[in-house]
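Just need the whole structure built from these sequences, with the hints factored in.
In order, the protein sequence lines correspond to chains A and B.
Per the working numbering, numbering of the first sequence is gapless, rising by one per residue and ending at 241.
Per the working numbering, numbering of the second sequence is gapless, rising by one per residue and ending at 1276.
Hints were generated in silico from the structure; no laboratory data involved.
Taking lysine to aspartate or glutamate pairs in the DMTMM-like style, the calculated list, with each CA pair at most 25 angstroms apart, reads:
id, chain 1, residue 1, chain 2, residue 2
1, B, K1225, A, D126
2, A, K162, A, E204
3, A, K82, A, D202
4, B, K1126, A, E216
5, A, K189, B, D1131
6, A, K222, B, D1131
Going by beta-carbon spacing under 8 angstroms, a handful of chain B positions derived as facing chain A:
id, residue
7, C1011
8, F1019
9, L1070
10, V1125
11, L1136
12, K1139
13, C1200
14, Y1201
15, T1209
16, S1224
17, I1226
18, N1227
19, Y1234
20, F1263
Glycine included, each C-beta is placed from N, C-alpha and C at the ideal position.
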Amino acid sequence: MSDKKVRHGHRSKNGKGFIILPIIFCLVTYLVLYLAFVPSFSPIISAMGMFFSDNEKDYSTEYDNIFVPVSENATVPTVTKKDSDGKEKSYVKKDSVQYPGYGNLFGELIISDCNVDANLFFGDGDVALRNGVGIYAGSFVPGYGGTILVAGHNNTYFNGLKNAQVGQRVEIKTSYGNYVYEITDTAVKSANDSSAYDLSADYENLIMYTCYPFDELGLTSKRFFVYAKLVSGTQIDKGGN
Amino acid sequence: MHSKIRGIVFCLLSFVLSFVLLLLSISVMLEATILNPSYILDNMNTTNYFTDKKDEITRELVDLGYASGLEESFFGNVVETVTIHDDTEDYLESYYNGGSAKISTVAFRQRFNSELDSYIKKNNVKVASSDSREYLINKAASVYEANLRIPMFSMLSPYLTALKDMMPLLIGGLVVFAAILCVIIIFANRWKHRAVRYICYATSGTFITVGIIPAVLFSTGYVSKINIESRAFYNLFVQSINSVLIALAICSAVFLIISIGLFFLHKNMRKHASEE
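Below you can see the structure in the form of structure tokens.
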């Protein structure tokens, strides 16, 4: 009798086997699956990583607002440097500039004579054009010394561009300074006409465009361009001498 | 030495049984969820998908309206939840039947056209040209179609269809294989309580293997961190995956109950065997 007890009980002392063996089974199962499927699934698993972020997506806000207007009396930190002609010139300190990310609201565009007053976004996606006007992400921010290409809908924020005339002033307000431009020209061109703008220009210029004709129904292939030159505003220090 | 080898062999059989039960659990779970045509539709209803989609499509159409001269109020009645529901149902049905899965925009186009006619008459608006009107309607229809298309679904559908066809055979095969393994374990053991013990190892192993997936994913909240631009798709995805994980957790719980039952059966049988 006691001999049988030993024979029946020796394999599962204190019932440890009921815990250890299932855990071993689990580990071996995943090892087998890993060895069997990882070679073929690893690219998919790596790609999956791109679809996940660290936090849950926030659907409550459409865009980030980083625009803090510079008041009339306030001063923006500047540095003095010599320009290419050897003259001393003030630049906005690069540390004090918060460059906008795509889709950020970072300024305001005003053309008083045309009754245009719109939020200025970086990027010209749907959210930007729904809430204001947007700078094409392949162009430059005001003060950087390049072409600023701004888009807006002709039935909303840029409807007033139909009244644009040479000599009118365009104001752009940002958190790092205010900039004033003067309209130099207007033109109607094809939407596909890349000669309508020069994104490689080495001087600051503002180009605003919208669909044309105004106040008509339907999607059109023509665009109304307004060209402006910089009148005043402190340039951003890009580093170097 | 002989009994040691015997023990190892039965442990291996037990492991194979555990593996087969895992595959069976996953197959049954897939059959009940992802491969079930009404599963996605049920989750769509649960997550308010059609209303969310209506809002998203309307918002995108309003953007189109800004670019084409249509007021925001125009789009209030253009998109209907019923149309979205019907078109989505046809689209899913077509996928599960291995069809081309085209999204019909006929009803949407008709509605858009008639609303546009009324708008033009009412507001006496000048239309830029008939081409631009046609372009606008096509653009609106493509916005509607793109919004209804489920991401990655077209890529996965051939696999889903193939899997759906072979699933009854696979489940049947796995059930038979599991039964054969149980019979071998039972009849190859002189002491039946030992057979119960090996089967208990297998079910306990399956309980842990199956249960670890929902446990890890629920505790880390990994699923809810997916980046999907559309809120409707996000809710649908999270709800669908959570349902799958709950199904796995239930499966795991079933194996836990079976394991506990087998454990007490084993104890009881062993006691009786010792007393003989």
